[in-house]
Amino acid sequence: MNSETDKENYLVIINPNAGNGKGKKDWKEISGHLEKMKIPYSARFTEKKGHAIEITKESVAAGYRKIITIGGDGTLNEVVNGIFENTSCHVSDITMGLIPVGTGNDWGRMFGIPLNYEKAVSIISEGKVMKHDAGLISYYNGSEKKERYFINIAGLGFESVVVLKTNHHKDRGHGGRLIYFYSLLTSLISYRNTRAEIIIDGVSKYADIFSVNIGNGRYCGGGMRQTPFARPDDGILDVTVIKGMGKLEIIRNLKILYDGTILSHPKVEGFKCKSVKVLSDSIIYTEADGESLGHTPAEFSIIPSALNIIYGTMFTE
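Under my numbering, the first residue of the sequence shown is numbered 1, with each subsequent residue one higher.
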């Protein structure tokens, strides 16, 4: 490959299974818009879970410095991890954009990136770039300690159980907001609050927790606003702790998960910080950007201005 040419071209990474197969089905339409707008590119399709990480590292090593993800938030998360794991250049040398496929678009909705393909490609063509913070989570999978970068929101507790169940449905070819909502309601049947120590910038708090969300972005789960005031460019993590709610209480308060008023509930606390650590006697499962990971003990930190991202419109307060 000609590395100088590759620096001018976009590497397009397509998840063919995104949006219940829309990634594959709609690629012809999307590529048509790329060509119409004279955006030079090479394309690669993912073949398995984690493949976008490998494609990203290989392509950066080959000289690519601009990447477009076609898929959902999970595929975007893999590309972010591939960027950080690459050993060929500094993270700041790479620019990334998203053409969302599916119904979630949780990261993209902050930046005015629509589900309309022509409009999403127009945003890529305009090429407005901003610096975006990244999050880093360390967690355990059994006795093995692991790390994962995230761009949007990570979670522990109930949120991660819902994500795990939702991903099982996706693996069987079922997806969308209704599946997430179904997983949320059915997960309530068996879920139990867990006693945990939450260490926020070195200060410990103890609580029976329902869930903890650590936000670099504001939206998750197809439009829920669990960290409603997070900013991806302030070098700070927003943390929302939902404490000890019962099943009926959660059902009665589902509205506040979506309307941005979650922090007004007396059993919800919000914090802004640089680091969070969660310890628990019983393991609490974790997720990041909708990808199921491992369990506690888990630690979260922020990497300010780490990523160059292409955006449409700036997020508002």
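Bear in mind the hints are in silico, worked out from the structure with no lab data behind them. Be aware that a few hints might be false.
Simulated pairs of lysine to any residue, SDA-like, Cα-Cα distance not exceeding 20 Å [claimed, not checked]:
id : residue 1 : residue 2
1  : Lys243    : Tyr206
2  : Lys243    : Ala306
3  : Lys145    : Glu299
4  : Lys243    : Ile302
5  : Lys145    : Lys243
Here are the computed distance ranges between Cβ atoms for each label pair [as the list claims (entries may be wrong)]:
id : residue 1 : residue 2 : range
6  : Ser301    : Glu29     : 20 to 30 Å
7  : Glu58     : Gly32     : 34 to 44 Å
8  : Gly50     : Tyr140    : 30 to 40 Å
9  : Glu8      : Asp259    : 43 to 53 Å
10 : Arg195    : Pro114    : 22 to 32 Å
11 : Leu263    : Glu85     : 17 to 27 Å
12 : Thr313    : Glu249    : 29 to 39 Å
13 : Ala62     : Tyr258    : 15 to 25 Å
14 : Leu248    : Lys131    : 16 to 26 Å
15 : Tyr191    : Glu35     : 23 to 33 Å
Don't be surprised by glycine CBs; every beta carbon is placed ideally from N, CA and C.
Status of the hints after comparison with the structure:
1. Lys243 with Tyr206: holds, 10 Å
2. Lys243 with Ala306: violated, 32 Å
3. Lys145 with Glu299: holds, 11 Å
4. Lys243 with Ile302: violated, 24 Å
5. Lys145 with Lys243: violated, 27 Å
6. Ser301 with Glu29: 20 to 30 Å: violated, 40 Å
7. Glu58 with Gly32: 34 to 44 Å: violated, 26 Å
8. Gly50 with Tyr140: 30 to 40 Å: violated, 19 Å
9. Glu8 with Asp259: 43 to 53 Å: holds, 44 Å
10. Arg195 with Pro114: 22 to 32 Å: violated, 43 Å
11. Leu263 with Glu85: 17 to 27 Å: violated, 35 Å
12. Thr313 with Glu249: 29 to 39 Å: Since the Cβ atoms of Thr313 and Glu249 sit about 36 Å apart, the hinted range of 29 to 39 Å holds.
13. Ala62 with Tyr258: 15 to 25 Å: At 42 Å between Cβs, range violated.
14. Leu248 with Lys131: 16 to 26 Å: violated, 44 Å
15. Tyr191 with Glu35: 23 to 33 Å: violated, 48 Å
Violated hints, listed in ascending order, are 2, 4, 5, 6, 7, 8, 10, 11, 13, 14 and 15; each of the other numbered hints is respected by the structure.
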